[in-house]
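Visitor: In order, the protein sequence lines correspond to chains A and B. For the first sequence, numbering that gives the first Met the number 0 gives the first residue as 0, with consecutive numbering after it. For the second sequence, numbering that gives the first Met the number 0 gives the first residue as 0, with consecutive numbering after it.
Hints in this document: simulated from the structure, not taken from any laboratory. Careful: at least some of the hints might be erroneous.
Each pair may be met inside one copy or between any two copies, as identical chains are not told apart.
To be verified - Here are the simulated DSBU-like cross-link-like pairs (lysine-lysine), alpha carbons at most 35 Å apart as the crow flies:
| # | residue 1 | residue 2 |
| --- | --- | --- |
| 1 | K322 | K121 |
| 2 | K207 | K97 |
| 3 | K181 | K322 |
| 4 | K121 | K182 |
| 5 | K121 | K178 |
Number of protein chains: 2
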Amino acid sequence: MKKKIALLPGDGIGPEVVNEAVKCLDAIASRFGHDFEYIEAPVGAIAIDQTGNPLPESTLEVCREADAILFGSIGDPKYDDDPTAKVRPEQGLLRLRKEMQLYTNIRPVEAYPELIDQSPLKNDRIAGTDFVIYRELTGGIYFGEKWLSEDQESASDLCLYTADEIRRIGHLAFQAAEKRRKKLTLVDKANVLESSRLWRRTITELGKAYPDVQLDFLFVDNAAMQIVLNPSQFDVVLTENMFGDILSDEGSVIAGSIGLLASASVGDSTALFEPIHGSFPQAKGLNIANPVASILSAAMLLDHFNMTEEALVLRQAVSQSLKQGVVTSDLKSGSPFGTSEVGDFIADFAGDDS
Amino acid sequence: MKKKIALLPGDGIGPEVVNEAVKCLDAIASRFGHDFEYIEAPVGAIAIDQTGNPLPESTLEVCREADAILFGSIGDPKYDDDPTAKVRPEQGLLRLRKEMQLYTNIRPVEAYPELIDQSPLKNDRIAGTDFVIYRELTGGIYFGEKWLSEDQESASDLCLYTADEIRRIGHLAFQAAEKRRKKLTLVDKANVLESSRLWRRTITELGKAYPDVQLDFLFVDNAAMQIVLNPSQFDVVLTENMFGDILSDEGSVIAGSIGLLASASVGDSTALFEPIHGSFPQAKGLNIANPVASILSAAMLLDHFNMTEEALVLRQAVSQSLKQGVVTSDLKSGSPFGTSEVGDFIADFAGDDS
Ligand SMILES: [Mg+2]
Ligand SMILES: [Mg+2]
Numbered sequence: 000m001k002k003k004i005a006l007l008p009g010d011g012i013g014p015e016v017v018n019e020a021v022k023c024l025d026a027i028a029s030r031f032g033h034d035f036e037y038i039e040a041p042v043g044a045i046a047i048d049q050t051g052n053p054l055p056e057s058t059l060e061v062c063r064e065a066d067a068i069l070f071g072s073i074g075d076p077k078y079d080d081d082p083t084a085k086v087r088p089e090q091g092l093l094r095l096r097k098e099m100q101l102y103t104n105i106r107p108v109e110a111y112p113e114l115i116d117q118s119p120l121k122n123d124r125i126a127g128t129d130f131v132i133y134r135e136l137t138g139g140i141y142f143g144e145k146w147l148s149e150d151q152e153s154a155s156d157l158c159l160y161t162a163d164e165i166r167r168i169g170h171l172a173f174q175a176a177e178k179r180r181k182k183l184t185l186v187d188k189a190n191v192l193e194s195s196r197l198w199r200r201t202i203t204e205l206g207k208a209y210p211d212v213q214l215d216f217l218f219v220d221n222a223a224m225q226i227v228l229n230p231s232q233f234d235v236v237l238t239e240n241m242f243g244d245i246l247s248d249e250g251s252v253i254a255g256s257i258g259l260l261a262s263a264s265v266g267d268s269t270a271l272f273e274p275i276h277g278s279f280p281q282a283k284g285l286n287i288a289n290p291v292a293s294i295l296s297a298a299m300l301l302d303h304f305n306m307t308e309e310a311l312v313l314r315q316a317v318s319q320s321l322k323q324g325v326v327t328s329d330l331k332s333g334s335p336f337g338t339s340e341v342g343d344f345i346a347d348f349a350g351d352d353s
Numbered sequence: 000m001k002k003k004i005a006l007l008p009g010d011g012i013g014p015e016v017v018n019e020a021v022k023c024l025d026a027i028a029s030r031f032g033h034d035f036e037y038i039e040a041p042v043g044a045i046a047i048d049q050t051g052n053p054l055p056e057s058t059l060e061v062c063r064e065a066d067a068i069l070f071g072s073i074g075d076p077k078y079d080d081d082p083t084a085k086v087r088p089e090q091g092l093l094r095l096r097k098e099m100q101l102y103t104n105i106r107p108v109e110a111y112p113e114l115i116d117q118s119p120l121k122n123d124r125i126a127g128t129d130f131v132i133y134r135e136l137t138g139g140i141y142f143g144e145k146w147l148s149e150d151q152e153s154a155s156d157l158c159l160y161t162a163d164e165i166r167r168i169g170h171l172a173f174q175a176a177e178k179r180r181k182k183l184t185l186v187d188k189a190n191v192l193e194s195s196r197l198w199r200r201t202i203t204e205l206g207k208a209y210p211d212v213q214l215d216f217l218f219v220d221n222a223a224m225q226i227v228l229n230p231s232q233f234d235v236v237l238t239e240n241m242f243g244d245i246l247s248d249e250g251s252v253i254a255g256s257i258g259l260l261a262s263a264s265v266g267d268s269t270a271l272f273e274p275i276h277g278s279f280p281q282a283k284g285l286n287i288a289n290p291v292a293s294i295l296s297a298a299m300l301l302d303h304f305n306m307t308e309e310a311l312v313l314r315q316a317v318s319q320s321l322k323q324g325v326v327t328s329d330l331k332s333g334s335p336f337g338t339s340e341v342g343d344f345i346a347d348f349a350g351d352d353s
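Okay, chain A solo, but in the shape it has when bound:
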């Protein structure tokens, strides 16, 4: 299959980890006979330095023409530490999400047996955890009408949803559940909120088209407890923007391996894949950054291309690197392996069909 992939390495360790992800994609392409074309474009601090704009029009053009976007990370202390800075690297990503209408954020949470001692949860609680959060990303209270009274003594925010907004992410979540363990949990607060009741009615109605998927419901306060108490009960979790923000961040810490977590932001015409970690400028160029989150975001990109076996092979290669201890020093102190050695190992394993 022929695919055009926009590479937006960004700042800090972004270029290094994206480089390892591309190594792995190349290994997969040659093993499975695909043709991946990469077009690199600047975003973030490096784009500000070059053009004054964290998301230059030319970068947006590259993204529009690509089948998918592989993103590194953005942020640079030069801008973070300057409160008078008018443009900030982070605006590049926010505008990109908005311009490309990326309305669904997907965050897998998986407990690797090799890393279980690093989880803040007791080992028997976190063992077997493997779920994915589908968070609505462009609606709800974060984007609703804001109001401040003239005397500045009252303020409000509106949480508004339409059934159409709910249906488009709902279909993606049901489709994901069909390919996984066939369980979808809608998180809402339908006992109190009108917008949550709209979510519940709409998703219940949608569920009739997915008879194989078991649909259940959880109030958001209970969900915040269950993620700590019994995270392995979940398969696909679907929720609105703010609940998803809170729960996906809570979920990101329970597996004890934030350096391994990838995410996808999906719209109708394209999708963006990135590690959830930041740009760690202090690690830049030292060959110590963990490339696994970026490599796993490449695996999500393969899933998005419906290259299910290819994604599985790449994930198995990552597991193998953890099993054999071929990891960067954030996972095993004193490890002799750097960013590129870990990337080489995973790419070799993923590309080897013997």
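Given chain A, put chain B with the ligands in place with the hints provided.
Guide: Chain B with the ligands alone, transformed into the frame defined by chain A:
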């Protein structure tokens, strides 16, 4: 000191656990020379059975005349399992909170060394945790204007706050921090929400009157992570209604002892103290219910009366029962101690000034 306490034991195990809390209050009263007068009144299912109303006017009257309310628990399967029931036991508590204008919910989260193995968190993560959440209880999105479009395809909820609503709970939270470790963390989403920015401005302004208290800020998504990653960093956490709902439920599970957790709901004229657990009708009358949450809610009631030493003595007695293993079987399977034996032990220890 002379104080009038309304007793609302309610349903299920409520009467049994409130009975043990009263034992402890009596022991404290006799040791410190106080005079506690109790007036009992029905609420919940038992009140429906007797009067058809989960919160009879006579009960409300008792509460209005009392200095504080000691509440048990409500709920009965006879009503829960009947979807056609027009009155429900739970309405009794909701109406009571509203009628008495109880605008602040207080939830302590404390890790007892003896129970640390039962926490879902690894022992070194939970050790030393001792914080309290101040949650605004009568404003925000749960009470804001709700809207559903005529075609039922759009719905919204409004999150509205006034500075006055924020100030009254803010003062309580700062005062609590002054008596504790002098740290107050405001949880909001001020990078996105106008109402959160009102919270941040108002609390920052209020903080000038409490120069001893160190005030810091955390976004709600980060707070959801920090409660799992490093719960011992918190002292007093202050937040709005919905964030408080989510975080206090998340907080309630990390200590591994939900049967031990108490809460207070405070207004300008009175305050209500209750365990956070439910009415467990299946345990009713078996002398197996854990009375500690009810006893700790009595300790919060003593705090509310500014009986600081008395509250401390009662909490030390609870710690002693845990240390000596005088606990109900939910905490130690096969324990020979029942509800009344545990209550006796704690009351004896609290009343003993030798
Ligand atoms: Mg977040
Ligand atoms: Mg709750």
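Visitor: Does each hint hold? Answer for all of them.
Guide: Right, here's what the structure says about each hint:
1. Taking the closest pair of Cα atoms, K322 and K121 come within 35 Å of each other both inside a single copy (20 Å) and across two copies (23 Å).
2. In the homo-oligomer, the alpha carbons of K207 and K97 lie at most 35 Å apart inside one protomer (31 Å), although the nearest pairing across protomers, at 40 Å, exceeds that limit.
3. Proximity of K181 and K322 under a CA criterion of 35 Å is satisfied intra-copy only: 28 Å inside one chain copy versus 46 Å between copies.
4. In the homo-oligomer, the alpha carbons of K121 and K182 lie at most 35 Å apart both inside one protomer (25 Å) and across protomers (29 Å), since each shortest distance falls under that limit.
5. When the C-alpha separation of K121 and K178 is checked against a cutoff of 35 Å, the pair qualifies both within a copy, at 29 Å, and between copies, at 33 Å.
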